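J.: For the sequence shown, the numbering used here assigns the number 1 to the initial residue and increments by one for each residue that follows.
The hints are simulated quantities; they were obtained by calculation from the structure and are not laboratory data. Mixed in with the good hints, there may be bad ones.
[To be verified] With a straight-line Cα cutoff of 27 Å, these simulated BS3-like cross-link-like pairs (lysine-lysine) come out:
#1 Lys142 to Lys95
#2 Lys140 to Lys118
#3 Lys263 to Lys164
#4 Lys263 to Lys118
#5 Lys250 to Lys142
#6 Lys142 to Lys73
#7 Lys259 to Lys140
#8 Lys259 to Lys173
Source: prediction; values computed, not measured.
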Amino acid sequence: MQAITEIASPQLNISDTSNYTLSIRLMPGGFCFIIYQPSRMSVLGLFDYATASAEETNGSYQQNPWLQQHYAKINCAVNTNRWTLIPSDFMIDGKEEDLWHLNFGKGQHGQLQSHAIKALNSINLYEAEPLSTEFCRTTKAKEVPIQTSLLHKALILSKRTADKQLCIAQRGKFMDFALADNGQMLAANTCLSRNSEELAFYTLNIFNHFGLNQNNQLVTVSGDITPAGINLLGQYIRHLQTDTLPTQCKYPNEMLKMKEQQKYTDLIYLALCE
């Protein structure tokens, strides 16, 4: 295991973790987590590690002292590329397969899991990764699709501006997007995005489909987006910004000085919304 980032606030107290929440993100090649204190709206710790395999990830979890404590709540953001939002009123126990086939046809799929999103009055029905599900089971964490935080972020930002907000997160070879208008979700999906050109292609398709103006529509990007991807998008979109730490929270000074804040913002929104 290789430490990429280890930041701890002086206020982080290992004997007080029952008053904290723990948000974990599993990624190919590693994992990261934040420790959050809801009563003070403070992020007290950020830890990011690279691992060589799923087995090493599980072993590292067992060795890390912060991950062996009792927390008020544990959320684990897991990767999925196939998911769909179902209105809560349409969701019937035992009918998950039928609803899935309406969206993806009757081809083969992995294990289906569901996650309720109260802010949208919807259920996220998604294809789970077996290793992620097993990790959540053994750690007693609540499994949450990574897109959940992006959806909440788009809702929060659009309410704040009373206008449309397009949020994009590059995640490995995929791009997640969420478009909201004044607190109402308009669209959300995942697209294959293997390079900067595909990222720009799908983003401009969103602009075209929803009639967004390239001169005044703000786009917020986060995740694994590269400088090349940002530069290419900037050639077509006038108002483009990389995501920064949510202003409603407090952070250790080291986090405020980080250059790649957008890498961790979705994990912080997960702590805020779950």
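J.: Hints first: check each against the structure and report whether it holds.
T.: Hints, one by one, checked against the model:
{"no.": "1", "hint": "Lys142 to Lys95", "verdict": "holds, 22 Å"}
{"no.": "2", "hint": "Lys140 to Lys118", "verdict": "holds, 22 Å"}
{"no.": "3", "hint": "Lys263 to Lys164", "verdict": "holds, 23 Å"}
{"no.": "4", "hint": "Lys263 to Lys118", "verdict": "holds, 25 Å"}
{"no.": "5", "hint": "Lys250 to Lys142", "verdict": "holds, 24 Å"}
{"no.": "6", "hint": "Lys142 to Lys73", "verdict": "holds, 8 Å"}
{"no.": "7", "hint": "Lys259 to Lys140", "verdict": "violated, 33 Å"}
{"no.": "8", "hint": "Lys259 to Lys173", "verdict": "holds, 22 Å"}
The earlier numbered hint that this structure contradicts is number 7, and it is the only one.
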